[in-house]
Amino acid sequence: MEVVQLLVSGLANGCVYGLIALGFVLIYKATEQVNFAQGDFMMLGAFVCLGLTNAHYMGLPFWIAAPLAIAIMAVLGYLLDFFVLRHLFGQSQTAVVILTIALGFVIRFVAGVIWSHEPQTLESPLAIGDFNIGGVVLGMADIAVIVVTVLLTYFLYQFFQRTKLGLAMQAASQNQMAAYFMGIPVKRVQGMIWGLSGAVAAVAGILFASKGAIDPNAGLLGIKAFAAAVIGGFGSLPGALMGGLIVGVIEPFASRYFPAGYSQIAPYTLLLFVLVFRPHGLFSQVRVKKV
Amino acid sequence: MSTLLEINNATLKFGGVVAVNDLTFSVEEGEVYAIVGPNGAGKSTVFNLISRFYNPYAGSITFDGHNLLDRNADSVADLGIARTFQNIELFDHATVLQNLLVGRHRHRKTNLVQEMLFTPKVRQEEKRHREAVEEVIDFLDLQPYRDKMIAGLPYGVRKVVELGRALASGPRLLLLDEPASGLSVEETQDMRWWIDDIRKQMGITVLMVEHDMGLVSGVSDRVLALADGAKLAEGTPQQVQSDPAVIEAYLGAGAA
Chain A
1 MEVVQLLVSG LANGCVYGLI ALGFVLIYKA TEQVNFAQGD FMMLGAFVCL
51 GLTNAHYMGL PFWIAAPLAI AIMAVLGYLL DFFVLRHLFG QSQTAVVILT
101 IALGFVIRFV AGVIWSHEPQ TLESPLAIGD FNIGGVVLGM ADIAVIVVTV
151 LLTYFLYQFF QRTKLGLAMQ AASQNQMAAY FMGIPVKRVQ GMIWGLSGAV
201 AAVAGILFAS KGAIDPNAGL LGIKAFAAAV IGGFGSLPGA LMGGLIVGVI
251 EPFASRYFPA GYSQIAPYTL LLFVLVFRPH GLFSQVRVKK V
Chain B
1001 MSTLLEINNA TLKFGGVVAV NDLTFSVEEG EVYAIVGPNG AGKSTVFNLI
1051 SRFYNPYAGS ITFDGHNLLD RNADSVADLG IARTFQNIEL FDHATVLQNL
1101 LVGRHRHRKT NLVQEMLFTP KVRQEEKRHR EAVEEVIDFL DLQPYRDKMI
1151 AGLPYGVRKV VELGRALASG PRLLLLDEPA SGLSVEETQD MRWWIDDIRK
1201 QMGITVLMVE HDMGLVSGVS DRVLALADGA KLAEGTPQQV QSDPAVIEAY
1251 LGAGAA
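So the protein sequences, as listed, match chains A and B. The first sequence: position 102 = 102 (the working numbering), numbered continuously. One rule links them: number in the working numbering = place in the second sequence (from 1) + 1000.
Derived by calculation from the structure, the hints in this document are not laboratory data. Careful: at least some of the hints might be erroneous.
[To be verified] List of simulated lysine-lysine pairs, DSS-like, C-alpha gap at most 27 Å:
hint, chain 1, residue 1, chain 2, residue 2
1, B, Lys1109, A, Lys29
2, B, Lys1231, A, Lys164
3, B, Lys1013, A, Lys29
4, B, Lys1148, A, Lys164
5, B, Lys1109, A, Lys187
6, A, Lys29, A, Lys187
7, A, Lys164, A, Lys187
8, B, Lys1013, B, Lys1231
9, B, Lys1121, B, Lys1109
10, A, Lys187, B, Lys1013
11, B, Lys1109, B, Lys1127
12, B, Lys1127, A, Lys164
13, A, Lys29, A, Lys164
14, B, Lys1109, A, Lys164
15, B, Lys1148, B, Lys1127
[Said to hold, decoys possible] Cβ-to-Cβ under 7 Å is the rule here; a few derived chain A residues that face chain B:
hint, residue
16, Arg86
17, Thr163
18, Ala171
19, Asn175
20, Met177
21, Ala178
22, Tyr180
23, Met182
24, Gly183
25, Ile184
26, Pro185
[Said to hold, decoys possible] Quick list of simulated restraints, FRET-style, between CB atoms:
hint, chain 1, residue 1, chain 2, residue 2, range
27, B, Lys1148, A, Gln91, 52 to 62 Å
28, B, Ser1075, A, Val75, 20 to 30 Å
29, B, Thr1236, A, Val75, 37 to 47 Å
30, A, Met140, B, Pro1144, 31 to 41 Å
31, A, Leu79, B, Ala1151, 48 to 58 Å
32, B, Asp1190, A, His87, 39 to 49 Å
33, A, Glu32, B, His1107, 41 to 51 Å
34, A, Ser116, B, Gly1152, 55 to 65 Å
35, B, Asn1067, A, Val75, 27 to 37 Å
A virtual CB, placed ideally from N, CA and C, is assigned to each residue, including glycine.
Just need the whole structure built from these sequences, with the hints factored in.
Shown next as structure tokens:
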């Protein structure tokens, strides 16, 4: 019974890691850039929703605030690409890495100024308490996180398989020159990928904040999600999600069955093993480009 | 016959190097027009001007009455211009079928919501695209490779897939950048029949850059010889091949 409990809370955490990892991979696949502020995007999405819905701030109904927060983060992602990253075109990868790390600091600082550095709880209807199935106490929020993640993954999968824009995004990520010639406006499509990953980050943030208190440093979770993305194979969307779930599940088990502190290093130990024995990740679909 | 593509006094400079020098030529609807010339003559640069990867320094380019210079690279396909690349630019981590389907991109008219819901209209349209792509697969004998990843295919096959992707877009003008380079004698022969059929059966105008003079004289109506970005000679394949200026550019003075 205890195992089931650990598993469910691990999976719920893992879903949040997985969604952030998904954001990393979306952007990497489409633009070969790595957005190290992805975790801070998640935090910002959570705070935007919190600011819109908490009685202490604007007090909008949650079901209006949440979609609004997701839309705001999508627009922010798009604008970030439009005003900043597009102008780094042709610069080295390092420039983007440093820029996004710095951006993370800025977001953390700005969020602290607006919403203070104290931990706060999102007044979310998803966090309505626990229920008991045959001796296993499950948090409603945990179940909600898992359900929403499954739905979102299904939605994204359909989006990439079926829609013109989804296919255009895949095409632009594989060969920009050819994509142009198929009539795909590559730069705008890449901006939309940034928007999409902003929206996914907001969903992750809202779910994360429904599970417990958040503060502006919550974005540092992104490091764990980055490890999850690498474990899953950096170019694969299902891999990112699986990587997140693995990291999420390892943690509670390590803290239950190993001495204190092991749960914190467990994800990175796994990362190390994956990098040594399966450098393309556990779920890599394709080999990395070779020259 | 009417003029489909018209290039007037186009000039392109890279720094001090004049890549295309005051070049004027036009392609008639329904013909096969070939551009030949030594390496560095500016042949591919002309293609990149038409594809809108480069902006000419001076001059004009019109296609069927539309000013191409008003357009970006991603809106050239909409006019019905498709191209292949000298070094093959395919979507490597996708199958042959998927690559050809991307060629249909410009014809997809449904919106995001309809697509997510997979409405009857989307289904109908999807069926139409699949049919169009299957026709191309049959035409180019790509059936055995239909569901193979591009990354594992031999060079010659990839070259044909790229031609197929261009055809799948249903173009009026097809730009072929060295369609026979790297192909075996047999594959070049196939390419020759295909270009013939593309013109005769599908009624598509072809503009190609090619080194293989056998292929050029076999399929082209008219040939343009370039040297140092400028027009050297223009006419039927025989006229151009026997032009003293062309022979000099290829073989050096004294050979003629």
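Evaluated hints:
| no. | hint | in the structure |
| --- | --- | --- |
| 1 | Lys1109(B) <-> Lys29(A) | holds (26 Å) |
| 2 | Lys1231(B) <-> Lys164(A) | violated (42 Å) |
| 3 | Lys1013(B) <-> Lys29(A) | violated (35 Å) |
| 4 | Lys1148(B) <-> Lys164(A) | holds (22 Å) |
| 5 | Lys1109(B) <-> Lys187(A) | holds (21 Å) |
| 6 | Lys29(A) <-> Lys187(A) | holds (14 Å) |
| 7 | Lys164(A) <-> Lys187(A) | holds (16 Å) |
| 8 | Lys1013(B) <-> Lys1231(B) | holds (16 Å) |
| 9 | Lys1121(B) <-> Lys1109(B) | holds (10 Å) |
| 10 | Lys187(A) <-> Lys1013(B) | holds (26 Å) |
| 11 | Lys1109(B) <-> Lys1127(B) | holds (13 Å) |
| 12 | Lys1127(B) <-> Lys164(A) | holds (15 Å) |
| 13 | Lys29(A) <-> Lys164(A) | holds (17 Å) |
| 14 | Lys1109(B) <-> Lys164(A) | holds (9 Å) |
| 15 | Lys1148(B) <-> Lys1127(B) | holds (21 Å) |
| 16 | Arg86 | violated (15 Å) |
| 17 | Thr163 | holds (4 Å) |
| 18 | Ala171 | holds (5 Å) |
| 19 | Asn175 | holds (5 Å) |
| 20 | Met177 | holds (5 Å) |
| 21 | Ala178 | holds (4 Å) |
| 22 | Tyr180 | holds (4 Å) |
| 23 | Met182 | holds (5 Å) |
| 24 | Gly183 | holds (4 Å) |
| 25 | Ile184 | holds (6 Å) |
| 26 | Pro185 | holds (4 Å) |
| 27 | Lys1148(B) <-> Gln91(A): 52 to 62 Å | violated (36 Å) |
| 28 | Ser1075(B) <-> Val75(A): 20 to 30 Å | holds (25 Å) |
| 29 | Thr1236(B) <-> Val75(A): 37 to 47 Å | violated (59 Å) |
| 30 | Met140(A) <-> Pro1144(B): 31 to 41 Å | violated (54 Å) |
| 31 | Leu79(A) <-> Ala1151(B): 48 to 58 Å | violated (35 Å) |
| 32 | Asp1190(B) <-> His87(A): 39 to 49 Å | holds (46 Å) |
| 33 | Glu32(A) <-> His1107(B): 41 to 51 Å | violated (29 Å) |
| 34 | Ser116(A) <-> Gly1152(B): 55 to 65 Å | holds (56 Å) |
| 35 | Asn1067(B) <-> Val75(A): 27 to 37 Å | holds (34 Å) |
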